[in-house]
Amino acid sequence: MMDYLKFNKIFSVTSKSQKYIFFLFIIVISIGLLEALIFSPEDYKQSDSVRIMYVHVPSAWISLGIFSLISFLSFLSLVFKVKNFVIISKSLAPSGFLFCIIALVTGSIWGKPTWGTWWAWDARITSMLILSIFYLIYILSWKIFNQKELAFKISSYISIIGIINIPIIKFSVDWWSTLHQPASVNLLSETSIHSSMLFPLLIMTAAFALFSILIFLMKYNTELIRIKNKGLDRL
Amino acid sequence: MQDIIIMNGYGAYVWSAFLFTLFGFAALYSLTKFQLKKEQKRFDAKFKNLDLAKVEVAKNQIIYKEILSYSSESKI
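Protein chains in written order, with the numbering used here: chain A, 1 to 235; chain B, 236 to 311.
Rather than coming from a laboratory, the hints here were simulated on the basis of the structure. Note that the coordinates shown come from a computational prediction; the quantities given were computed from them, not determined experimentally. Heads up, the beta-carbon is just placed ideally off N, CA and C, and yes, glycines get one too. Incorrect hints may appear among the rest.
Sample of chain B residues facing chain A (criterion: CB under 8 Å; computed from the structure) [as the list claims (entries may be wrong)]:
| id | residue |
| --- | --- |
| 1 | Met236 |
| 2 | Tyr245 |
| 3 | Ser251 |
| 4 | Ala252 |
| 5 | Phe255 |
| 6 | Ala261 |
| 7 | Tyr264 |
| 8 | Ser265 |
| 9 | Thr267 |
| 10 | Phe278 |
| 11 | Leu285 |
| 12 | Leu287 |
Using 25 Å as the maximum straight-line C-alpha spacing, the simulated DMTMM-like pairs for lysine to aspartate or glutamate come out as follows [as the list claims (entries may be wrong)]:
| id | chain 1 | residue 1 | chain 2 | residue 2 |
| --- | --- | --- | --- | --- |
| 13 | A | Lys83 | B | Asp286 |
| 14 | B | Lys276 | A | Asp233 |
| 15 | B | Lys272 | A | Asp233 |
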């Protein structure tokens, strides 16, 4: 098992799996787009504007999930000094940031026909904006600080501090009176969304997850080659 | 077909949200692919300039073989 955690084994797996993930992503996103834009029903209240949900909600879920994972791995790498966790965290950040931006922009587009405004300083929206700032600072910290050890420590602290924002985003709709609707899909309690809408939502979530895995694999390989490139000087 | 485009008057909102998402995907994929290729080219160029003794050392490290197997030129 530990053998597969070695860089050479990982590089082989991450390189070979990219094309399979890419083709799987194309298939799943094609099904998801057909379901989301054509086959799924319109909402009795929001009419066709509800279709924005199929890109907005999966983006928000995945950006939250990725940031939580980055924070967890950063904590582990600070405590146990596992170099690989640092590279994994760094490679996850770009897709998490993109999904956070997509959630904000599509939420803003959805807000105009449903709330009558592009933007409101609502608790859920503001906390999502703060998450995007945390992502941006995390990514920039790797670019600004030339010393790797310093960049690792600062980016790790940023992600650990940022984790405080995750439950705020999740429970903001319950804690404060907000424009944003409460969660319709729950893992622990009954889901209030109809299966005809839940199915395309899950398909789109799977497609978005595959895309983030694909970007992660490419970014991870880039980081490994960069490390090994420096290693050539020491041969 | 017209119904799909107009979407009861919400077409502009729905299509712009989906197009923004797909454009974001294409942009991030292209950027990441470009960075990967650039790093691979940099590695290949550096490897080409290594002397034979260092190439022999690199031959014994599987990770270098793996990286080079994904590039066009290889000394191994």
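Hinted contact Phe255 (chain B) with chain A - closest CB pair below 8 Å: Nearest chain A Cβ about 6 Å off; hint holds.
Minimum beta-carbon distance criterion (8 Å), Met236 (chain B) to chain A: 10 Å, violated
Pair hint Lys272 (chain B) and Asp233 (chain A), alpha-carbon separation not exceeding 25 Å: 20 Å, holds
Interface hint for Phe278 (chain B), Cβ within 8 Å of any Cβ on chain A: 5 Å, holds
Chain A contact restraint on Ser265 (chain B) - CB to CB distance below 8 Å: This interface hint is violated because 11 Å lies over the 8 Å limit.
Evaluation of the interface hint that places Ala252 (chain B) against chain A, nearest CB under 8 Å: Hint on Ala252 (chain B): holds, closest Cβ of chain A at ~4 Å, below 8 Å.
Proposed interface contact between Tyr264 (chain B) and chain A, which counts if any beta carbon pair is under 8 Å: 7 Å, holds
Residue hint Tyr245 (chain B), partner chain A, criterion CB-CB below 8 Å: Given a least distance of 4 Å, the restraint on Tyr245 (chain B) holds.
Restraint outcome when Leu285 (chain B) is required to lie within 8 Å of chain A by C-beta distance: 7 Å, holds
Restraint outcome when Thr267 (chain B) is required to lie within 8 Å of chain A by C-beta distance: 5 Å, holds
Status of the hint placing Leu287 (chain B) at chain A (closest C-beta pair under 8 Å): With Cβ-Cβ at 12 Å, over 8 Å, it is violated.
When the least beta-carbon distance from Ala261 (chain B) to chain A is tested against 8 Å, hint result: 11 Å, violated
Of the numbered hints listed earlier, those contradicted by the structure are 1, 6, 8, 12, 13.
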